[in-house]
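Given only the sequences and the hints, what does the whole structure look like? Please build it.
The lines below spell out each chain.
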Amino acid sequence: MTTYIAPVREMLFAMNALAGLEEIAGLPGNEEISPDLVEAILDEAGKFATEVLAPINAPGDRQGNTWRDGEVSTADGFKEAYASFCETGWNGMPASTEFGGQGLPVTVSTAVLEMWKSANMSFSLCQMLTLGAVEAIAHHGSDELKNTFLPNMVAGTWTGTMNLTEPQAGSDLAAVRCKAEPRGDGSYAISGTKIFITWGEHDMAENIIHLVLARLPDAPPGVKGISLFVAPKFLVNADGSLGARNDLVCASIEHKMGIHASATAVMAFGEKDGAIGYLVGEPNRGLEYMFTMMNHARLNVGLEGVGIAERAYQQAVGYARDRIQGRIIGDKSGDKKPILHHPDVRRMLMDMKSRTEATRAIAYYVAGCMDRAKSHPDETVRGANQRRLELLTPVVKGWCTEAAQGVTWNGIQVHGGMGFIEETGACQHMRDARITTIYEGTTAIQANDLIGRKVAREGGHAMRALLEDMATTRRQLDGHGDAQMRHIGAALGGGMYALAEATDWLLANYDAHPQAAAAGAVPFLKLAGTVAGGWLMARSALVAFERLADSDDGFYAAKLITARYFSEHVLPEANSYRDAIVNGSESVLAMHEALF
Amino acid sequence: MKILVPVKRVVDYNVKVRVKADQSGVELANVKMAMNPFDEIAIEEAVRMKEAGVASEVVAVSCGVAQCQETLRTAMAIGADRGILVSTDAELQPLAVAKLLKALCDKESPDLIILGKQAIDDDANQTGQMLAALMNLPQATFASKVTVAEGKVSVMREIDGGLETISMHMPAVITTDLRLNEPRYATLPNIMKAKKKPLETVTPDALGVDVAARLTTVKVLEPAGRSAGVMVADVAQLVDKLKNEAKVI
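These protein sequence lines are chains A and B, in that order. The first sequence finishes on residue 596 if you use full-length UniProt numbering, and the numbering steps up by one all the way, no holes. The second sequence finishes on residue 249 if you use full-length UniProt numbering, and the numbering steps up by one all the way, no holes.
Since the hints were made in silico from the structure, they are not lab data. One should not assume that every hint holds.
One side of the interface only, derived from the structure: several residues of chain A facing chain B at Cβ under 10 Å [as the list claims (entries may be wrong)]:
1) E32
2) S34
3) E39
4) I41
5) A45
6) V52
7) T88
8) L104
9) D172
10) G318
11) D322
12) D378
13) E379
14) G383
15) I438
In the BS3-like style, the derived pairs of lysine-lysine whose C-alpha atoms are separated by at most 25 Å in a straight line are [stated by the list, open to error]:
16) B:K50 with A:K337
17) B:K241 with A:K336
18) A:K336 with B:K219
19) A:K337 with B:K16
Ideal Cβ positions, reconstructed from N, Cα and C, are used throughout, including at glycine.
Right, dumping it as structure tokens:
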């Protein structure tokens with residue numbers, strides 16, 4: 001099993017060439033940020049990821065969590081690693097300085113978060129959920145709630161959770177039944193059962209702050225009647241000390257396919273006289289509040305796809321360099337060589353590498369949009385970036401996580417029979433990656449958001465603006481002096497054509513034939529991801545070509561070859577997605593249900 | 001009391017080192033670099049002495065390419081007060097580094113110089129000893145405990161037979177062994193503060209030191225693979241093999 005080494009140079013390249021780090025560092029509020037500081041942060045974070053989080057990843061997968069009488073013990077080493085994670089300030093890094101975070105730009109924290117996800121996805125989920133809860137309270141909670149909970153949550157002394165799902169309310173949160181009754185003192189008594197609560201119970205922190213979706217007694221039915229509450233595991237006294245145990249308990253934890261070291265809890269609220277909770281913001285606006293941070297959470301899950309793909313790639317390359325097997329076709333030397341020399345092993349590794357880089361490219365690019373949408377002084381630029389961010393959020397979540405399935409699958413294939421053996425370490429990445437296309441909204445949910453709210457209902461303007469930016473890149477490539485670059489440009493052109501055609505079809509058919517449009521939603525998401533990824537790979541190639549002479553270590557040469565592989569092997573998939581969208585809906589819908 | 005700590009930029013110990021195809025050295029292209037782990041222990045020890053009020057200033061020094069600045073920033077993120085880069089693209093061998101450090105010590109007059117006992121790239125284990133000799137200072141190598149009291153420094157050393165404790169006048173040279181301490185991870189606020197700490201760059205020429213290599217690398221090879229073991233029939237055969245084949249007893 002190989003260890004994880006943070007790909008700092010790859011990350012810096014994506015941040016600089018694609019996300020626009022230099023511009024972001026110059027935005028108001030980012031005065032502290034400079035390129036050498038960013039590199040120092042990535043180096044130190046990479047060290048922590050390699051030395052503290054990566055070594056407990058496989059053991060944590062084997063051991064998992066233990067539930068006993070409502071208490072959950074985490075796998076060996078997690079408690080200590082978490083303490084160190086908080087002590088060094090990594091836990092609160094992306095949070096605002098107001099509550100003890102470092103307030104770094106999203107572009108910078110994205111790279112650091114990718115490291116945690118690569119090194120130990122189970123571990124990283126605790127921080128992700130805590131920061132999501134911090135964001136919800138910071139944006140919508142009263143000053144009292146903020147002051148009571150946020151400093152300790154940012155410091156990591158307390159962790160946070162999101163209690164949304166119930167057995168009958170999964171993708172459809174309108175079916176939430178959990179109840180909240182006023183207690184007369186401004187607080188509420190919460191009762192009901194929540195499932196799939198990530199890090200819902202554990203022994204790493206002093207307190208756990210649950211955000212819970214529940215209905216008030218007079219709430220209207222459906223999505224318009226759901227409110228958001230804070231319910232801490234231990235009540236907090238006026239002086240900030242911990243008080244009584246709240247009436248909420250972890251009833252059990254799930255046995256899962258992956259992310260074994262992260263406890264997925266069934267939470268029972270109010271089995272006695274009701275769990276005490278505090279309303280966040282106004283009544284009946286809970287779902288809306290959840291959605292403001294769900295977009296950020298979706299980008300973070302997309303980033304999990306990038307992180308796991310990177311880890312699987314490193315593991316596969318490590319094995320392919322060492323494993324000596326078979327004669328290399330066409331090799332006259334007769335020497336025994338590692339499998340890295342076999343053409344098909346190279347193809348698999350190129351596939352893994354190019355898809356990992358393309359998903360990183362799009363995730364970091366969107367992080368850059370988020371920074372500009374928030375802090376750019378020019379309102380027009382802010383608006384344009386906000387629209388791009390909204391358009392691509394479901395693509396990052398859906399496409400990066402779908403790509404990770406193929407990358408981790410190939411990761412096993414590179415290992416041959418040893419890949420199927422757990423001890424080798426390739427299986428865990430595939431099992432861990434599997435959840436990413438499901439939670440935080442399945443790929444289909446992302447795809448429906450994309451074709452509906454982000455393209456059809458919006459008139460396709462955001463998608464056309466993206467296609468225009470792609471056309472600029474294509475023109476640069478078409479007029480390039482190097483044949484390889486023109487080749488990449490032609491492939492990008494083919495992808496753009498497919499995306500434009502499918503967008504036109506969607507705009508023409510979304511209202512008239514909603515079922516046909518929905519049948520092509522996931523292919524449309526994959527098409528958008530493939531072409532946007534191809535565009536950013538092409539932009540990477542342009543930058544790398546200019547810098548070829550700067551460095552003799554092959555970094556930029558590798559960038560060019562990887563971009564070319566993507567244009568030759570991945571971008572052509574755009575055509576089959578287009579065909580499936582434009583011509584393929586009837587076969588999806590034609591068969592009678594009885595014939596399935 | 002001022003402490004000077006030299007730090008070296010080497011291939012990260014987590015990286016699996018591979019020999020270059022032409023046997024001229026190890027593959028460094030796209031390989032992650034980091035501070036030599038023994039030097040990290042040296043910085044940690046110096047910073048602990050400062051935190052305990054024993055030392056007043058910790059100066060980190062690195063000799064080599066411009067990227068050694070990153071290694072100095074790491075040292076400052078752990079707690080060094082400032083950094084000095086002796087900037088050169090030349091291949092530096094231990095004697096050249098010892099001479100560069102001597103020139104810096106002549107300027108800085110530190111009370112203690114704490115070095116890693118060796119760097120994990122060439123494992124030379126020479127620079128500290130050479131520096132002490134060039135400066136005519138007492139030296140305590142392979143330290144596993146360092147105590148400063150009444151103007152003297154007492155060092156517990158790891159030696160073949162176990163441990164010995166020696167006491168030295170200062171200024172003195174100490175090299176660290178693995179068990180001296182467990183280095184901390186730099187905190188994010190300290191990483192950000194390190195950027196504002198002073199980092200001075202000098203050249204070997206300015207220090208008047210000739211860094212020309214004295215040794216030539218003939219070739220670099222992978223260590224020989226371990227050969228298969230054999231089952232021995234009994235203790236007598238084992239003893240016989242240890243005596244006559246392995247010649248270790």
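Hints and how they fare:
| no. | hint | in the structure |
| --- | --- | --- |
| 1 | E32 | 7 Å, holds |
| 2 | S34 | 7 Å, holds |
| 3 | E39 | 7 Å, holds |
| 4 | I41 | 6 Å, holds |
| 5 | A45 | 8 Å, holds |
| 6 | V52 | 7 Å, holds |
| 7 | T88 | 5 Å, holds |
| 8 | L104 | 9 Å, holds |
| 9 | D172 | 40 Å, violated |
| 10 | G318 | 7 Å, holds |
| 11 | D322 | 9 Å, holds |
| 12 | D378 | 28 Å, violated |
| 13 | E379 | 30 Å, violated |
| 14 | G383 | 32 Å, violated |
| 15 | I438 | 32 Å, violated |
| 16 | B:K50 with A:K337 | 53 Å, violated |
| 17 | B:K241 with A:K336 | 33 Å, violated |
| 18 | A:K336 with B:K219 | 22 Å, holds |
| 19 | A:K337 with B:K16 | 18 Å, holds |
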